[in-house]
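Colleague: Read off the chains here:
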Amino acid sequence: MDDLVLHPMKEVKVVVSGEQRKLVTDLLDRIEATGYTIIAITAGKGHGGLQESHFMFGGMESLEMILTVVPEEKVEPILAGLKTLFSHQSGVMFVSDVAVSRREYFGKS
Amino acid sequence: MDDLVLHPMKEVKVVVSGEQRKLVTDLLDRIEATGYTIIAITAGKGHGGLQESHFMFGGMESLEMILTVVPEEKVEPILAGLKTLFSHQSGVMFVSDVAVSRREYFGKS
Amino acid sequence: MDDLVLHPMKEVKVVVSGEQRKLVTDLLDRIEATGYTIIAITAGKGHGGLQESHFMFGGMESLEMILTVVPEEKVEPILAGLKTLFSHQSGVMFVSDVAVSRREYFGKS
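Residue numbers (my numbering), protein chains in the order written: chain L, 1 to 109; chain W, 1 to 109; chain R, 1 to 109.
Treat the hints with caution; some may be incorrect.
Since the list can't tell identical chains apart, any single copy or any two copies may satisfy a pair.
[Unchecked claim] Calculated lysine-lysine pairs in the BS3-like style (CA-CA distance at most 25 Å, straight line):
hint, residue 1, residue 2
1, Lys10, Lys22
2, Lys83, Lys22
3, Lys83, Lys10
4, Lys83, Lys45
5, Lys13, Lys45
6, Lys45, Lys22
In short, the hints are calculated from the structure, not lab data.
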């Protein structure tokens, strides 16, 4: 019983429009992320570079945060997949360290 | 006035079905976590082990993320309490490092 | 193309009532945070010190989490601005380390 031991993993948050959800979750399925949760975003201000003007996500377009927890080796495949997606569409991703008690639930045996 | 100093704490996120909310918040009250926030989850894919098939939380069952910030010494009591809960029900928990400006708000004097 | 390289940034989460949203987003605009997302909070228990009794946010008052990702040097200006806000109103803020793949999206050139 090592259930109280915490194991290091990576939490990945991706913010995209609702229409892009399936592209992201298909990617997560493909790299065998074992799960994710999707959180609705009430409002947001876009992350824009110098070329791109800031804009509000509002009205018609829904915005979502897709959150998953994966072993470190799956972060790069997610990044690589999103790079293609984000070259056409706006979206942001950030990665942080988390610890989980049951790592077998997150694709680490 | 050291309000601009940041103090290390632990952020704990628990993802459970809405029916289990009270079990989790009762646990947090018992260990004297000073607060928590509950975020609705729009959709999610379950984290399943080898025995358990993957499934979608959808339709009837609501899913929530309960987020709390506690001093490090309270992480193990939370883990121990959730271990019992999660032995009967699915649910996941992950822990990350955060810093707060007003640690007295989080049960650290 | 270093799009797969991750750069360290800070994730700041601020939990405030809906009425205070604009005060926080104005502050973020002023320090030129390039974006943020706002997540509705279903329920929450307040973070109270010894003087302040615990209370539920419910019914009439909405509660929101404002999440932004900024370069480290912007954390202190945010803290300083929120310190003024939080001296009158309740609210909490926590900071964590994140990594992003496109740092130019977050105000770092």
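Colleague: None of the hints should be skipped; say for each whether it holds.
Modeller: How the hints compare with the structure:
Proximity of Lys10 to Lys22 under the C-alpha cut-off of 25 Å is restricted to the intra-copy arrangement: shortest distance 21 Å within a copy versus 28 Å between copies. Taking the shortest Cα distances, Lys83 and Lys22 sit within 25 Å of each other inside one copy (15 Å), while across copies they are farther apart (32 Å). In this homomeric assembly, Lys83 and Lys10 come within 25 Å of each other (Cα to Cα) both inside a single copy, at 18 Å, and across copies, at 21 Å. Taking the closest pair of Cα atoms, Lys83 and Lys45 come within 25 Å of each other both inside a single copy (21 Å) and across two copies (23 Å).
For a Cα distance limit of 25 Å, the shortest separation of Lys13 from Lys45 qualifies both inside one copy, at 16 Å, and across copies, at 15 Å. Both within a single protomer and between protomers do Lys45 and Lys22 lie at most 25 Å apart by alpha-carbon distance, with minima of 22 Å and 12 Å respectively.
When held up to the earlier numbered hints, the structure conflicts with none and fits them all.
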